[in-house]
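Participant: For reference, the chains in residue letters:
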Amino acid sequence: MRNLFLFLSRNYFFILFLLTEAVCFYLIAQNNTYHNAGMLNSANQVVASIYDGVSKVTDYLNLAENNRRLAEENAQLRAMIPASQFDTTVVKSTVSDTLHNQQYSYIEARVINNSTNRRNNYLTLNRGADAGIAPEMGVITGHGIIGIVKEVSAHYSTVISFLNTQSKVSVRFKKNNYNGSMIWDSDNGPTEATVIDIPRHVPFKKGDTLVTTAYSAYYPEGIMVGTVKEFYLDPGSNSYQIILNLSVGFNDVSYVYVVNNLLKAERKKLEDNLKDVSRNN
Amino acid sequence: MLAEIIKIIFRFILLVLVQVLLFNKIRFAGFINPFVYPLFILLLPVRIPKTLLLLLSFITGLTIDIFSDTMGMHAAATVFLGFLRPAILKLLAPRDGYEAEASPRLHQMGFLWFLYYLLISIFAHHLFLFYTEVFRFSEFWYTLLRVVLSTLTSVLLIIVILYLFDRQKEKH
Chain Z
1 MRNLFLFLSR NYFFILFLLT EAVCFYLIAQ NNTYHNAGML NSANQVVASI
51 YDGVSKVTDY LNLAENNRRL AEENAQLRAM IPASQFDTTV VKSTVSDTLH
101 NQQYSYIEAR VINNSTNRRN NYLTLNRGAD AGIAPEMGVI TGHGIIGIVK
151 EVSAHYSTVI SFLNTQSKVS VRFKKNNYNG SMIWDSDNGP TEATVIDIPR
201 HVPFKKGDTL VTTAYSAYYP EGIMVGTVKE FYLDPGSNSY QIILNLSVGF
251 NDVSYVYVVN NLLKAERKKL EDNLKDVSRN N
Chain S
1001 MLAEIIKIIF RFILLVLVQV LLFNKIRFAG FINPFVYPLF ILLLPVRIPK
1051 TLLLLLSFIT GLTIDIFSDT MGMHAAATVF LGFLRPAILK LLAPRDGYEA
1101 EASPRLHQMG FLWFLYYLLI SIFAHHLFLF YTEVFRFSEF WYTLLRVVLS
1151 TLTSVLLIIV ILYLFDRQKE KH
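Protein sequences, first through last, are from chains Z and S.
Heads up, the first sequence is in this note's numbering, so the first residue is 1 and it goes up one at a time.
Heads up, the second sequence is in this note's numbering, so the first residue is 1001 and it goes up one at a time.
Calculated directly from the structure, the hints in this document are not laboratory data.
Ideal Cβ placement from N, Cα and C applies to all residues, glycine included.
Keep in mind that a hint or two might mislead.
As the list claims (entries may be wrong) - Label pairs and their computed distance ranges (CB to CB):
id: 1; chain 1: S; residue 1: Ile-1006; chain 2: Z; residue 2: Asn-67; range: 41 to 51 Å
id: 2; chain 1: S; residue 1: Leu-1014; chain 2: Z; residue 2: Pro-203; range: 13 to 23 Å
id: 3; chain 1: Z; residue 1: Ala-29; chain 2: S; residue 2: Val-1148; range: 23 to 33 Å
id: 4; chain 1: Z; residue 1: Lys-275; chain 2: S; residue 2: Lys-1025; range: 34 to 44 Å
id: 5; chain 1: Z; residue 1: Lys-275; chain 2: S; residue 2: Ala-1087; range: 46 to 56 Å
id: 6; chain 1: S; residue 1: Pro-1049; chain 2: Z; residue 2: Val-23; range: 18 to 28 Å
Could you build all of it, start to finish, from the sequences and the hints given here?
Facilitator: Rendered as structure tokens:
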């Protein structure tokens, strides 16, 4: 017993060091799961309000560019409304709108913190649970996908950026329905991504557009993600690897839409039933 | 003594803000991230109790973690640096030891001494940080390259910061 105390007192600094490191690695392991105690992150009120204050100032630097982008998007939307289209059909009966239920609603938010230079990047938004944001909602802009909401506090939320080594998004070519998986690694840099699992018989060329598929529970179908920059056949397999130019500029994203899929719970329940059935068999 | 403590707290706030609001956004040549906040640990008094040193390292790292959503990573690396600091100071000790109340300062210890001190400490910190972040050895050489280049960038930036903000004592 005396020897033990002697050992402890001689090596207390080293032991204290090991204990502190143990705490650190416990925190690292904790952070890799969803829904942890949501205090120690940038959705925390103190931290988020600092970022909020700073971004209020720095946003002025990008004001012209943001205005241009919003105007561009407005123009696109304006082109889509029936009033700006010439009607070539003769309407014989009115279509009852009970056929169309709203599936997605959108919540506007401003990015107050953003990283693109790490392996696992995050964003902080200035909207939280009070605005109706919940974990696992998708985040998009008029130009493409941004990521998935990780945690929310009352007024802020953190988002796992698509620029994350664990990201995987199902995408397809806009012109045909062949699909693959879009992934990201830090070698890609903030402007590019990689698409894998496109079979070798699929016809496509440089500049072709890729969009999201309906497989994802986070993003609506048909949102542009990027264009083909270059591609090559994976040696030893039968599929292409495609390097993609992302359509979103992650470095200067400032206004985003959080996607609320109103039918997600229903779909998830149905798909979970499937898992139960296959497990029972 | 009280003045020294206030100075240390002020330095802590300043370095954390500079790190999270400026240097966290920077990525030179695509993959070099500079981290200047370990300077806070390096400038603490030489005779600071070791337990307090570890505690301050943990708090510093954790603060950076909270701001950058990297829970635990910076804390682990900074605690590692705090653990090594007494050994590094011993290794670099001048022939007649350190003055009782001294902190390691650029203008007192000389440029070359401080450069060695920075290079060894920042390299240890970045080595621990980048390998914790990657958490596998498959990209061993690429990560090592990032560690070396980021260390050189951080050291350069720290020296610039010191010349800009820590010069008033050069007069005497």
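Participant: If a hint holds in the structure, say so; if it doesn't, say that too.
Facilitator: Going through the hints against the structure:
1. S:Ile-1006 <-> Z:Asn-67: 41 to 51 Å: Given about 45 Å between the Cβ atoms, the range holds.
2. S:Leu-1014 <-> Z:Pro-203: 13 to 23 Å: violated, 58 Å
3. Z:Ala-29 <-> S:Val-1148: 23 to 33 Å: Given range 23 to 33 Å: holds, Cβ gap about 28 Å.
4. Z:Lys-275 <-> S:Lys-1025: 34 to 44 Å: holds, 42 Å
5. Z:Lys-275 <-> S:Ala-1087: 46 to 56 Å: holds, 53 Å
6. S:Pro-1049 <-> Z:Val-23: 18 to 28 Å: holds, 19 Å
The structure fails hint 2 only (numbered hints given earlier).
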